[in-house]
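Q: Spelled out, the chains give:
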Amino acid sequence: DSGVTQTPKHLITATGQRVTLRCSPRSGDLSVYWYQQSLDQGLQFLIQYYNGEERAKGNILERFSAQQFPDLHSELNLSSLELGDSALYFCASSARGGIVTGELFFGEGSRLTVL
Amino acid sequence: AQKITQTQPGMFVQEKEAVTLDCTYDTSDQSYGLFWYKQPSSGEMIFLIYQGSYDEQNATEGRYSLNFQKARKSANLVISASQLGDSAMYFCAMREGNYKLTFGKGTLLTVNP
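So the protein lines, in turn, are chains X and G.
Heads up: the first sequence runs through residues 1 to 115, numbered per the working numbering.
Heads up: the second sequence runs through residues 1001 to 1113, numbered per the working numbering.
One or more hints might be untrue.
What the hints assert, rightly or not - Below, simulated DSSO-like cross-link-like pairs (lysine-lysine); rule was C-alpha separation at most 27 Å, straight line: (1) G:Lys1100 <-> X:Lys9; (2) G:Lys1003 <-> G:Lys1100; (3) X:Lys57 <-> G:Lys1016; (4) G:Lys1105 <-> G:Lys1016; (5) G:Lys1105 <-> G:Lys1070; (6) X:Lys57 <-> X:Lys9; (7) G:Lys1105 <-> G:Lys1003; (8) G:Lys1105 <-> X:Lys9; (9) G:Lys1016 <-> G:Lys1100; (10) G:Lys1100 <-> X:Lys57; (11) X:Lys57 <-> G:Lys1003.
Keep in mind the hints are simulated off the structure, nothing from the lab.
In this text the structure is predicted, and so the values were computed from the model without any measurement.
Throw the hints in and build the complete structure from the sequences for me.
A: Next comes the structure, spelled out in structure tokens:
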């Protein structure tokens, strides 16, 4: 158990819909990272937050947005869903603002299926 | 351009034998970090080992060791005494800047009894 909690574990929805994925980082960790894992693209970095502020952005679509709340949990919002958004979405946390020498602790992922 | 290359889509190994999973990387940074993660069929990502670009010794963590050859830009994972529970996808990753890990496509390891 990494200590990172993601909900829901599984989600099935239809094209055009909007969903919210939730992540609680490990106790004390200030950084939250979101990754998308799909069969064709592999693991792609989406976005990182540190203590409530956006720190780094990766291959995140404009239809997607995220935020980190004062209690440090984070939400990833996916809107106008397309079939190609079906993927496993991981949240990870780290103690510091970056991952210079330490590892990321990953949650178990939220599997999104868009029909 | 692909920055992490794992050339072995799948590998097979007999239980109790050692196996090497290949990883090559491309970067112009002097300071970088290399990671290996394991993803079992249940889906979670498990951190295995880390090697910093300035580390002179190869990293080791229990049965895992990282064969770091800086001039060749390779960071191969060696698993000694394979166990059935080692069957999983293995991902090599490189830290870019301070915030982003770039992952390879992964290698599916199957340990045969």
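Q: Give a verdict on every hint.
A: Quick rundown of the hints versus the structure:
Taken as a hint, the G:Lys1100 and X:Lys9 pair is honoured in the structure, with Cα atoms around 24 Å apart against an allowance of 27 Å. Distance restraint check for G:Lys1003 and G:Lys1100: the Cα-Cα separation of roughly 13 Å lies within the 27 Å cut-off, and the hinted pair is therefore satisfied. Taken as a hint, the X:Lys57 and G:Lys1016 pair is broken in the structure, with Cα atoms around 42 Å apart against an allowance of 27 Å. Note on G:Lys1105 and G:Lys1016: the hinted pairing holds, with a Cα-Cα distance of about 26 Å set against a maximum of 27 Å.
As the CA atoms of G:Lys1105 and G:Lys1070 are separated by approximately 21 Å, the hinted pair is consistent with the 27 Å bound. A distance of roughly 24 Å separates the Cα atoms of X:Lys57 and X:Lys9; the hinted pair therefore holds under the 27 Å criterion. The straight-line distance between the Cα atoms of G:Lys1105 and G:Lys1003 is roughly 11 Å, inside the 27 Å bound, and the hint therefore holds. A hinted pair counts as satisfied when its Cα atoms are at most 27 Å apart, and G:Lys1105 with X:Lys9 qualifies at roughly 23 Å.
The straight-line distance between the Cα atoms of G:Lys1016 and G:Lys1100 is roughly 35 Å, outside the 27 Å bound, and the hint therefore fails. As the CA atoms of G:Lys1100 and X:Lys57 are separated by approximately 9 Å, the hinted pair is consistent with the 27 Å bound. Restraint check for X:Lys57 and G:Lys1003: the C-alpha separation of about 18 Å stays at or below 27 Å, so the hint holds.
The structure shown violates the earlier hints numbered 3, 9.
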